[in-house]
Amino acid sequence: MPLIPVDDQSFLRDKFAKELVNPVNILLFTQHDTPSAIPGPECMYCKETRELVEEISSLSDKINLRIYDFVADAEKARQMGIDKIPAITFDGDSGGRVRYYGIPAGYEFPSLIEDIIDISRHSTGLSQETRESLQKLDKDVDIQVFVTPT
Amino acid sequence: MFDFRIKREETVPDIDREAVYDTVILGGGPAGLAAGLYAARAGLNTLVVEKAVVGGQIALTAFIENCPGCIEGSGQEFIAYIQKQATKFGAGIAYREVVGVDLQGDVKTIDTRDGKLLTRTVIIGTGVSSQKLGVPGEEQYRGKGVSYCSTCDGPFYKDQEVAVVGGGDAAVEEANYLTRFASKVTIIHRRDVLRATKVIQDRAMANPKIEFRCGTVVEAIMGNHKANKLLIRNLKTDQKIEMSIGGLFVYVGMIPNTKLFEGQLRLSPEGYIITDEKMATSVPGVFAAGDIRQTPLRQVITAAADGAIAATYADRYIHAD
Ligand SMILES: Cc1cc2nc3c(=O)[nH]c(=O)nc-3n(C[C@H](O)[C@H](O)[C@H](O)COP(=O)(O)OP(=O)(O)OC[C@H]3O[C@@H](n4cnc5c(N)ncnc54)[C@H](O)[C@@H]3O)c2cc1C
Chain V
11 MPLIPVDDQS FLRDKFAKEL VNPVNILLFT QHDTPSAIPG PECMYCKETR ELVEEISSLS
71 DKINLRIYDF VADAEKARQM GIDKIPAITF DGDSGGRVRY YGIPAGYEFP SLIEDIIDIS
131 RHSTGLSQET RESLQKLDKD VDIQVFVTPT
Chain D
49 MFDFRIKREE TVPDIDREAV YDTVILGGGP AGLAAGLYAA RAGLNTLVVE KAVVGGQIAL
109 TAFIENCPGC IEGSGQEFIA YIQKQATKFG AGIAYREVVG VDLQGDVKTI DTRDGKLLTR
169 TVIIGTGVSS QKLGVPGEEQ YRGKGVSYCS TCDGPFYKDQ EVAVVGGGDA AVEEANYLTR
229 FASKVTIIHR RDVLRATKVI QDRAMANPKI EFRCGTVVEA IMGNHKANKL LIRNLKTDQK
289 IEMSIGGLFV YVGMIPNTKL FEGQLRLSPE GYIITDEKMA TSVPGVFAAG DIRQTPLRQV
349 ITAAADGAIA ATYADRYIHA D
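Those protein sequences? They're chains V and D, same order as listed. Position 55 (the first sequence) corresponds to 65 in the numbering used here; numbering is contiguous. Position 276 (the second sequence) corresponds to 324 in the numbering used here; numbering is contiguous.
Don't take each hint at face value.
[To be verified] Covered by chain D, according to a simulated footprint, are these stretches of chain V (three or more residues, beta-carbon under 8 angstroms):
(1) 14 to 23
(2) 115 to 125
[Claimed, not checked] Distance condition first, Cα-Cα at most 30 angstroms in a straight line; then the derived DSS-like pairs of lysine-lysine:
(3) K28(V) / K132(D)
(4) K136(D) / K25(V)
(5) K25(V) / K132(D)
(6) K57(V) / K206(D)
(7) K149(V) / K192(D)
(8) K192(D) / K94(V)
(9) K149(V) / K99(D)
(10) K94(V) / K206(D)
(11) K94(V) / K274(D)
(12) K25(V) / K99(D)
(13) K28(V) / K136(D)
What the hints contain is simulated information worked out from the structure, not anything from laboratory work. Where a beta carbon is used, it is the ideal one built from N, C-alpha and C, also for glycine.
All chains, full assembly: derive it from the sequences and hints.
Written out as structure tokens, the structure is:
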């Protein structure tokens with residue numbers, strides 16, 4: 011049984027065909043599926059997250075998937091700023107700045123899809139006006155947003 | 049276990065600004081979605097406008113046990129089905145906040161901030177919002193220890209002691225739910241006896257993590273960067289004491305979301321919309337359904353039933369001429 015329902019898969023295949031421009035490389039940081047052989051805590055939902063990104067990448071030639079082991083590829087994880095797993099990030103322009111920790115299910119799933127498209131198009135939903143005013147920032151700002159449905 | 053569906057209805061351009069809709073439904077709770085389903089199925093050009101998430105208050109509670117057809121208390125699933133049915137028949141869903149309405153005349157105007165919508169009939173299903181306690185500290189600590197939604201915020205209080213204010217179904221039911229996370233839940237209620245339905249009360253009484261402080265009111269919420277103390281007063285003895293808390297959940301009733309309609313529709317003294325049994329309001333072509341209405345029971349099933357009636361009579365209104 012695929013994780014993404016079959017009719018959503020064909021919808022996504024069409025959407026990707028229409029909207030993707032440049033290739034997108036998804037980097038997944040995970041842990042091998044043999045927790046007993048590898049010391050350390052077992053990674054919850056790593057397996058499901060891997061299956062999910064495998065399915066997503068199978069829906070377009072423009073989407074490539076690279077899977078890294080959080081322990082064996084620790085240096086790569088550090089480079090991309092990944093400190094927990096499962097983590098999904100992208101290389102290229104957005105290099106390591108867009109990161110999904112945990113499994114992107116429910117409401118997170120459509121956002122992941124939109125992010126893949128934005129990354130491929132080198133675009134975001136920000137208006138020219140917003141970009142200009144952001145350019146005026148003269149020091150680093152750390153924004154963290156926490157949401158609940160209310 | 050996980051949901052990896054693409055909500056396609058959300059990704060298509062949603063509003064036709066040129067059209068005069070047959071019906072525009074304000075609010076995507078049980079009332080609005082049921083109205084959308086009936087209206088679209090009757091062949092009306094239908095749009096549901098929702099400012100937050102479809103499902104309305106159901107999206108904010110973990111249990112719906114009494115709604116016929118919601119097996120094992122899953123309100124979300126029930127809502128997903130109605131939404132699917134409504135969109136299948138062609139109802140559009142637009143995620144916008146309605147910020148103004150002009151309900152007079154044959155063509156009514158709905159303002160969604162980013163533009164206007166025209167429609168021949170309007171079905172109002174904007175529901176109710178949580179009533180505030182109205183005590184010092186409440187605004188300051190809102191979202192910082194003061195919450196109105198245990199489903200949303202309960203998990204933040206793992207192994208902490210929390211208080212719930214209120215004595216109705218919502219308060220007691222949510223107190224039960226909070227015991228999944230909190231080490232102790234104190235229900236603070238101004239009256240001596242709870243108002244909640246007996247099955248819900250019995251469950252709370254049998255729950256070793258729940259304590260009751262009846263005949264008691266919260267006078268103030270205190271803390272530093274986060275709320276950590278309540279000032280409570282016993283109404284009989286007038287004795288005031290401070291009580292340490294990890295968090296406070298407020299369930300003291302609801303207020304109708306009818307600000308937009310003041311001066312345009314007949315409202316009850318409490319602000320609920322007055323309708324006849326066809327859900328018609330005081331203005332022709334404008335209907336109301338669900339919790340927003342002056343009605344003896346505010347539940348999922350009655351809201352959905354109202355929606356069905358409202359849509360049916362919106363259809364008759366349109367086809368009367
Ligand atoms: C904690 C809790 C537990 C409950 N438990 C049960 C239960 O077990 N069984 C049961 O049957 N009922 C229960 N209820 C009650 C039930 O949820 C409501 O009766 C029902 O949701 C009412 O439906 P409605 O569509 O009338 O309004 P709502 O569900 O309130 O929906 C109104 C919708 O309108 C939207 N809206 C408001 N203003 C605007 C605007 N200006 N523009 C656009 N959209 C707007 C809101 O975002 C909301 O989605 C519970 C309620 C709560 C709060």
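Outcome of the hint check:
1. With 5 residues carrying a beta carbon less than 8 angstroms from a beta carbon of chain D, the stretch 14 to 23 of chain V meets the three-residue requirement, and the given coverage holds.
2. With a threshold of 8 angstroms between beta carbons, the proposed coverage of the stretch 115 to 125 of chain V by chain D holds, since 5 of its residues qualify and at least three are required.
3. Between the alpha carbons of K28(V) and K132(D) the distance comes to roughly 25 angstroms, so the proposed pair stays at or under 30 angstroms and holds.
4. Proximity of K136(D) to K25(V) is assessed by CA-CA distance (about 20 angstroms); at most 30 angstroms being required, the pair is judged to hold.
5. The hinted pair formed by K25(V) and K132(D) meets the criterion: a straight-line CA distance of about 21 angstroms does not exceed 30 angstroms.
6. Distance hint between K57(V) and K206(D) is fulfilled; the C-alpha atoms sit about 27 angstroms from each other, no more than 30 angstroms.
7. Simply put, K149(V) and K192(D) have alpha-carbon atoms about 28 angstroms apart, close enough for the 30 angstroms limit, and the pair holds.
8. Annotation: proposed proximity of K192(D) to K94(V) holds, straight-line Cα distance about 26 angstroms (limit 30 angstroms).
9. Taking the CA atoms of K149(V) and K99(D), the gap is about 35 angstroms. The hint is violated against a cut of 30 angstroms.
10. For a cut-off of 30 angstroms, the pair hint linking K94(V) to K206(D) stands: about 22 angstroms separates their Cα positions.
11. Between K94(V) and K274(D) the CA atoms are separated by roughly 28 angstroms; this keeps the pair inside 30 angstroms, and the hint holds.
12. Our distance criterion of 30 angstroms between C-alpha atoms is met by K25(V) and K99(D), whose separation comes to about 26 angstroms.
13. This hinted pair checks out: K28(V) and K136(D) have alpha carbons roughly 24 angstroms apart, not beyond 30 angstroms.
Hint check: a violation occurs at hint 9 only; the rest are consistent with the structure.
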